[in-house]
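Enquirer: Letter by letter, the chains look like this.
Protein chains: 2
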Amino acid sequence: MPSAAIVISGNELLDGRVCESNGRYVSADLSDRGVKVMSVVTVADDPSRLTAALRSALATEPDLLVVGGGLGTTHDDLTAFCLAEALGVPLEEDAVALAMLADSLRDVAERRGTTVQDLLPQARRQARLPSGGAPLPPAGVAPGIAARHGHTRVFAFPGVPHEFMAMWRQVAAELAAEDFFPEVVARVVRIFGCGEPSVAAVLEAASRDLLETSITVGGGEVTVKLRHLSTARPAAQAVAVVAALERALPVFSTDGRTIDDMIADLLGAGGESLAVAESCTGGALGGRITALPGSSAYFRGGVIGYADEVKEGILAVPSDDLRRYGAVSTTVAAAMAEGVRRLCGASYGLSVTGVAGPGGAAPEKPVGLVYVGCSGPRGTRVCRDRFPGDRAAVRGQAATRALHLLREDIVSGSPRG
Amino acid sequence: MPSAAIVISGNELLDGRVCESNGRYVSADLSDRGVKVMSVVTVADDPSRLTAALRSALATEPDLLVVGGGLGTTHDDLTAFCLAEALGVPLEEDAVALAMLADSLRDVAERRGTTVQDLLPQARRQARLPSGGAPLPPAGVAPGIAARHGHTRVFAFPGVPHEFMAMWRQVAAELAAEDFFPEVVARVVRIFGCGEPSVAAVLEAASRDLLETSITVGGGEVTVKLRHLSTARPAAQAVAVVAALERALPVFSTDGRTIDDMIADLLGAGGESLAVAESCTGGALGGRITALPGSSAYFRGGVIGYADEVKEGILAVPSDDLRRYGAVSTTVAAAMAEGVRRLCGASYGLSVTGVAGPGGAAPEKPVGLVYVGCSGPRGTRVCRDRFPGDRAAVRGQAATRALHLLREDIVSGSPRG
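Those protein sequence lines, which keep their order, are chains A and B. Sequential numbering of the first sequence, starting at 1, is according to our numbering. Sequential numbering of the second sequence, starting at 1, is according to our numbering.
So that you can see chain A by itself, here it is in the shape it has in the complex (with noise of 0.2 Å):
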């Protein structure tokens, strides 16, 4: 398998104001490709810093170098100048990228009503390069710079986004070409009900020395993905670690869908419908099941019952059981999940009520505590959990509790249940 280091410099990535993107971008889409991605370092607009940050990512002999920013006009852009220090070669005017550059300038000449030999003396630096480089076609001005030290390759684009993705797309096809890349197969296993010590557990009993395995722990699922080489050997002891997986542990999902997917696909299929009656989640369930393209042919809708007085007025929750069980309780969710698939005329209701926190705990409603009612034609289950973390984390648990809730009912009324 390839592997890459990836050097991404710019402050305004330091300091909160801009979201690193390109690192991002680049690692997933080379990780699926088929590289290994080693490493995503940010590092700030300092020269000795991003030689450092360059040698550093050099010395691990990456097959593939990605670098991104610092390609501009002004003294903060720094990249060729530290390229070619950490390659250790002297910067020189390259006349293939001074003719790109005089070409970019043309458009920029146009539309601020000034001509390109205005502009040539601020932008030449652009056309400097480490000696032995060659220059990448720019997608905005700036020209990227390709070089090559040892048997690594060296590519460096410069930080604005689309111009980044769009040079990056450019090479990821020529190298494409070369049959750089390797023929690699992803899988994505996903389990609910159990944790990530038993999913370890049965991994590591596992024989997967072909497999690349890693395991991602989320809103109470655990997910595996297993990449490797399409050739037989490989794709044999994959199939083998999915089945282990399958026999041991509550998965889901082996084809990468999402529980969300699962839900719009299996409720889609049925010709069913589905309503939401939210407490804890405050509206977040719907909104998360409306997130995907395509949901208002299987969602109706519901209540987001925040007061005790809607959960009454509204969803009919008897006001003897709010009283009696209080609004965190088996009663009240069966009831709101029962209320919302009426009142919404949909296949199956599905409620939550809960404590999200950080205040409204009481010594038997302590936060994290939530019940979560599913109501459908075979009927009303409710299911109690207590989840840790703070407010966001209990209430997206709560959110993939109910989804799963939801899933369990379907599947086991299906002929395939």
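Source of the hints: derived by calculation from the structure; they are not laboratory data. All values derive from a computational prediction rather than experimental measurement. Ideal placement from N, C-alpha and C gives every residue a C-beta, glycine not left out. Check the hints yourself; a few may be wrong.
Here are some of the chain A residues that sit facing chain B, going by a computed Cβ distance under 7 Å [stated by the list, open to error]: (1) 10; (2) 14; (3) 202; (4) 306.
With a Cα cut of at most 25 Å, we get these calculated SDA-like pairs of lysine to any residue [said to hold, decoys possible]: (5) A:36 with B:239; (6) B:36 with A:49; (7) B:36 with B:239; (8) A:36 with B:48.
Given the coordinates of chain A, work out where chain B should sit on it, guided by the hints.
Expert: Chain B only, in chain A's frame:
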């Protein structure tokens, strides 16, 4: 100005699975506290790479090294080991760390219906620290690590974002108590209703040589951040710049509060209440309002009227209006806001209906067309906008627009207005 380096580990951050948020969070926070962040390195879960990244960071002799990730229980969790290598000390089990771990495992055991003794064998490695280091109290299960290397203060936290952030806030409070941070002031000015060029023009005309100024654009708002030493001359310059922005532009916040915070304060102060009726946002507006702790004091709930039958049946939008004007119209936005206000007995009803895309557009109803309605004691107002961007961007801007419409209505009716 003290300097900092940040090292974050995790394969999932390099292959596009998860957006790296911890490094971004802590670098922004450090900048606000007057620390110059020199580099953020994201590195694979690989012992030699992680050790090398930690060594490189220590070699630059920053005042602070913040490390995130790799403190869990799996074979991928290498931080304690690599940090010990980089510091040149052995790894040792720490009695205080072990006690912290047993304490945090009690909660986990209770949730999973098992015992600490069952969990401890696998979790125990989390009590191993580089010799000379000290454990930091966990926000989840794993303790953090505090260490020193020359004048560099080193702090390592688990990578789960809410744990990382809570533990960093705790450490930052202790560093602040030791006067580690310089006296720096950051002022945030938020503007809604004009573009970045107008803001840039005002800033360029102001004298601000003692200020570090930055502009960020997002969700239809423009945010200006001014940072300066807390001495008299820079402070006076900042006051003058803020005043110039307020004179020329629709500034809505000069004290750091977001529009979400301001709505919470305005409703809370007036003892007023809010309900929402959401179509294209599908609950995301309610989700956003209830993301703030304490929102139950003023937020009553609402109706997600995704299907027209729900708009008609629950919100009492006249079917004639839906037929004649369509769901995405001034008339329906007004009826939704009025309907939900009445239904929930709230002081204000806020509605959103629009075409979030990518489907659902018509020649006279393009993607991005959104109507936002506000019904309150002074009547009903509707705004029409056409937002750029994809489904998520349109929905986000729609929710932000709704909160601004509500603020305008409350402020115009208050004695301050």
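Enquirer: Are residue 202 of chain A and chain B close enough, Cβ to Cβ, to be under 7 Å, as the hint says?
Expert: violated (12 Å)
Enquirer: Does residue 49 of chain A lie within 25 Å of residue 36 of chain B when you go C-alpha to C-alpha?
Expert: Cα-Cα ~13 Å, so holds.
Enquirer: Tell me if residue 306 of chain A is really an interface residue toward chain B, meaning its C-beta lies closer than 7 Å to one of theirs.
Expert: holds (4 Å)
Enquirer: A closest beta-carbon separation below 7 Å is what the hint needs, so does residue 10 of chain A meet it against chain B?
Expert: violated (11 Å)
Enquirer: Quick one, are residue 36 of chain B and residue 239 of chain B close enough, alpha carbons at most 25 Å?
Expert: The hint holds at about 24 Å.
Enquirer: The hint names residue 14 of chain A as touching chain B; please verify it with the least Cβ-Cβ distance against 7 Å.
Expert: Where the cut-off is 7 Å and the nearest Cβ of chain B is about 4 Å from residue 14 of chain A, the hint holds.
Enquirer: With a cut-off of 25 Å on the C-alpha distance, tell me whether residue 36 of chain A and residue 239 of chain B pass.
Expert: The given pair, whose Cα atoms are some 50 Å apart, is violated under the 25 Å limit.
Enquirer: Taking 25 Å as the top limit, are the C-alpha atoms of residue 36 of chain A and residue 48 of chain B close enough?
Expert: holds (15 Å)
The structure shown violates the earlier hints numbered 1, 3 and 5.
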